[in-house]
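Novice: In the order they appear, the protein sequences are chains B and H.
So in my numbering, the last one in the first sequence is 801, and the numbering has no gaps at all.
So in my numbering, the last one in the second sequence is 1012, and the numbering has no gaps at all.
Bear in mind the hints are in silico, worked out from the structure with no lab data behind them.
We treat Cβ as the ideally placed atom computed from N, Cα and C, and that holds for glycine.
It is possible that part of the hints are untrue.
Just a few of them, taken from the derived set where beta-carbon distance is under 10 Å, the chain H residues facing chain B [claimed, not checked]:
hint : residue
1    : Pro-831
2    : Thr-833
3    : Glu-875
4    : Asp-986
5    : Gly-994
6    : Asp-997
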Amino acid sequence: MKRFTFTLVFLLGVFISSAQDCNRSLTGQVIDFHDGVPLEGATITFNNIKIVTDSNGTYTINGLCAVSYAFTVSHVDCNSQVFTIDMSKVTTKDFYLEHHLNELDEVKVAGKIKQETSSSQEQTITTDIIEKYSSATLGDALREIPGVSSLNTGSTIVKPIIQGLSGSRILIMNNNVRMQDMEWGDEHAPNIDINTAGSVTVVKGASALQYGGDAIGGIIIMKPSRIPAKDTLFGKTLLTGATNGRGGSISSEIVKGYENGWFLKAQGALKRFGDFEAPDYVLSNTGVFEKGASVAFGINTFEYGLDAFYSFYDAEIGILSSSHIGNVDDLIQSINSGQPDIIRDFTYEIINPRQEVTHHLGKVTYYKRFEELGKWTTQYDFQLNQRFEFDVRREGGSESNRPSVDLELTTHTLASDFEFDAKPNYSLKAGILLRYQDNVADIASTGVRRLIPDYNKYDAGAFFTGEFDINESLIMDAGIRYDFNRIDAKKFYQESRWDERGYETDFSDIVIDREVRNSQLLVNPVFDYHNISSTVGIQYSFKEEYQLRTNYALAQRAPNPAELFSDGLHHSAARIEIGDLRIDQETSHKLSVSLQKNNEKWGWEIAPYANFIKDYILLEPTGANLTIRGAFPVWEYRQTDARLLGIDAKMYVNWSRHWQTDHNFSLVKGKETDNDVPLINMPAPNFTNKLTFLKEDWFNLQASLESQYTFRQNEFPPNIDVFSQDVREDVELEINTPPDAYHLINFDTNMKFRLGKKNDLKVGLTINNVLNTNYRNYLNRLRYFADDLGRNFLLRISINY
Amino acid sequence: MMNLRKFLAMFFVGALFLTSCSDDDDNPDPGTEEELITTMKVTLTETGGTDTVTLNFFDEDGENGSIPPEDNVEGTLKTNTTYSGTIVLENESEDPVEVVNEEIEREADEHQFFYFVPENEDDLGITTAYTDKESDYRNSDGDLFPSENPVGITFTLTTTDQTGDTKLRVVLRHELIKDAAGVADGDITNAEGSPDVDWVFDITVEDVVVQ
Chain B
1 MKRFTFTLVF LLGVFISSAQ DCNRSLTGQV IDFHDGVPLE GATITFNNIK
51 IVTDSNGTYT INGLCAVSYA FTVSHVDCNS QVFTIDMSKV TTKDFYLEHH
101 LNELDEVKVA GKIKQETSSS QEQTITTDII EKYSSATLGD ALREIPGVSS
151 LNTGSTIVKP IIQGLSGSRI LIMNNNVRMQ DMEWGDEHAP NIDINTAGSV
201 TVVKGASALQ YGGDAIGGII IMKPSRIPAK DTLFGKTLLT GATNGRGGSI
251 SSEIVKGYEN GWFLKAQGAL KRFGDFEAPD YVLSNTGVFE KGASVAFGIN
301 TFEYGLDAFY SFYDAEIGIL SSSHIGNVDD LIQSINSGQP DIIRDFTYEI
351 INPRQEVTHH LGKVTYYKRF EELGKWTTQY DFQLNQRFEF DVRREGGSES
401 NRPSVDLELT THTLASDFEF DAKPNYSLKA GILLRYQDNV ADIASTGVRR
451 LIPDYNKYDA GAFFTGEFDI NESLIMDAGI RYDFNRIDAK KFYQESRWDE
501 RGYETDFSDI VIDREVRNSQ LLVNPVFDYH NISSTVGIQY SFKEEYQLRT
551 NYALAQRAPN PAELFSDGLH HSAARIEIGD LRIDQETSHK LSVSLQKNNE
601 KWGWEIAPYA NFIKDYILLE PTGANLTIRG AFPVWEYRQT DARLLGIDAK
651 MYVNWSRHWQ TDHNFSLVKG KETDNDVPLI NMPAPNFTNK LTFLKEDWFN
701 LQASLESQYT FRQNEFPPNI DVFSQDVRED VELEINTPPD AYHLINFDTN
751 MKFRLGKKND LKVGLTINNV LNTNYRNYLN RLRYFADDLG RNFLLRISIN
801 Y
Chain H
802 MMNLRKFLAM FFVGALFLTS CSDDDDNPDP GTEEELITTM KVTLTETGGT
852 DTVTLNFFDE DGENGSIPPE DNVEGTLKTN TTYSGTIVLE NESEDPVEVV
902 NEEIEREADE HQFFYFVPEN EDDLGITTAY TDKESDYRNS DGDLFPSENP
952 VGITFTLTTT DQTGDTKLRV VLRHELIKDA AGVADGDITN AEGSPDVDWV
1002 FDITVEDVVV Q
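Input sequences plus hints: build the corresponding full structure.
Specialist: Laid out in structure tokens, this is it:
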């Protein structure tokens, strides 16, 4: 198209020129659009004549006729551009060229990835690792990063934990949209298909303030792979098959790019597994059926861009049948018996208890660059999250199609920011955000008391961050952010609960109806929270191979709806969860340091941190409530001051061209500050060692053997005493006692074959838990009922075309 | 420029969404809590006599509530006597009161009651037996169940000459394995399933005092 225009203008020019006098001249400069620097050696071509700019970027063209000309302006670092100029009207013209192509094409400069922050601990996983976990979850893939673990419910519901913290303390950015998918529940996994990501970066702390101020645990940033601004059509299909669960996944994407910046991308993934298996038995009803799709289109040029994106995610997840327990006695029996009490034959069928979650995400982003100033970005996004939890009900049993939880969460977000990046030695970014969220809990469909009430939530935020290059080796970054949150809920309390909590004295003014049927009150809590977060840090590079990063981050997080309002028997967890209206926001002061050395032969990183959290909100078992069905453990939310001290360390050694080893270790200790009582659900220390063999000649062969040792968590809060119907007395419920340490061996290999000019075929084989070891994981909520997964063979085939 | 205009159009549609959603001032529906059992009453009537013993359970605010349930036993059992028993489950938080038995009868093949003295108590020779079967009840289509497994809405309890204080555990399970070994005879060991009721009453067996 461009060539055609060029030819047309050229011919037109020639045609008209024959009739005109031709003594006009054009002067001006060729300038870098980005920072206004004149470009030396830029060429201006027209009618087979070529002119080169001098050291000031200036040029002069003589002997032009009073007609339109098409000038092609080029520079070695830039995209060529064609400017059409009517010489009857113009005598001077400055041409602006798009420099900094790497921002558009993501040309990797010496393997360096653009980082989210300069001074905090962060790590990125890229395509290789993402492909390895194509049939697993985001949380599984992130465990490759030291200091990241996961809180599991079985093997398919995986919530990432960063340096000991999870849930609402971790913010997940999916394609620049903050996920709003009911992250408040322990058995609510991120509603994300990992196959949509091109890279995933974990920032271990709240320092990336442009994304949010409440990331006391950290931020997970998923980005799609960049689409180059050139005429291209490419795609990728990834097939995975696994023996454990007897299923697999297929993921496919296709990308069309145009030289003028337009692009279209479509992606889809399907994942299906039946019952997974522990070494000794089938884990009945643990299958999963997941569907994901996304489309993106838009235009990316240097000056402006418009990007529309929509993604859909749907997952039906079975929950281990034997984890559906009736009362405390069942739980005690499960803990003592050592194996699940329901073991059926393998099946793909998923029955109750199960979850069905759907997430729609749509967004539109627009950006525009201003000469010698920076880039303005505005984004609107919409999310609809629907969650059903099905339970084994008295009526209908495990076949029942009536959910016990039916929540619909709708979120609209509008965000705008301006990045001042024109100056070479500093960049600044300022932005604002508005968000509205609406949660509807449908009781007509469930016939079960709402665990989470209906609410509206309003957020507004503003931030200002900056990065300063003090000298060649020292970078400083700093930022401040303010967030306002208002939650406006309508909740029914049983009068007995209202009195038991002592709410009448503190909250009688929020009661709007005291005459609700069945001795209930309707209350309308409207709570406002003002959160300040800030960060400051430095990055110091020295002796070429060393880098020191130091960061302090202050973050405040307002309580989530579960922490405030949970109230009642959570059937799927067989526990009574009670929130507290008095819970206030938590404040974290986190200091992190990272020292690393990297060279071709070897490298290491040591990253200690200390996180002091005032009014840390935790959920822990406190006792048991007696009901007609027997006793149920009661889990209550409360606040306490806490400190988390930890260290993440890693090392790699390239022993030779073919042999390489990797070593990771992470440790975190979480305690209540006042009484030194350990915090619940803190990851146990773990130590991973990997030996890799590489041989490029053999179709890029890579083979690695990995040893994962997870220590026993020796620091855990005390167990509780509950009344057992079976023995008619109080017994200790070992609900907090962690399982033993375990050691897993994993094997992974892959090869890459070239098919024709542009196509690649990659074949990989992974064996997890090679020795079929029996183990239970402290951070798996189903550890009371069954062992974790046994051996698994995974075959991967990916084709790039 | 066209792009910007398109964008603004979409932007305003979004903004419209934003405002149109935020004006729902209606109060939510309190709804009904289904599957709630507030009240359980086991009545034991002396066969060929009029003496009754009742075991009562009442949980005012249900299993979500903070008020602990209350129970009491009216009357004492006599030695060497057979009682015919019935159980009634109700949800008194509804008006009119919901009789949960009706639902259990409709799904008789998925439910079964168990009545027994807990393992670590002296059973004083007490035995229980079922006196109903699934075929006594009609399913949701109004047809009698073809199967003959016991349900336990009616039963008998027989005492021996031993006297003393003991306990009676009353269990209702659903989705249990009714044909597992011993289940049809009231042995819960292999029954599995999920409990709807699991409560233990204090009972006393006394010698008959002739007046």
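Novice: Could you run down the list of hints and mark each one as holding or not?
Specialist: A quick look at each hint next to the structure:
no.: 1; hint: Pro-831; result: 5 Å, holds
no.: 2; hint: Thr-833; result: 6 Å, holds
no.: 3; hint: Glu-875; result: 19 Å, violated
no.: 4; hint: Asp-986; result: 20 Å, violated
no.: 5; hint: Gly-994; result: 8 Å, holds
no.: 6; hint: Asp-997; result: 5 Å, holds
Checked against the numbered hints listed earlier, the structure breaks hints 3, 4; every other hint is satisfied.
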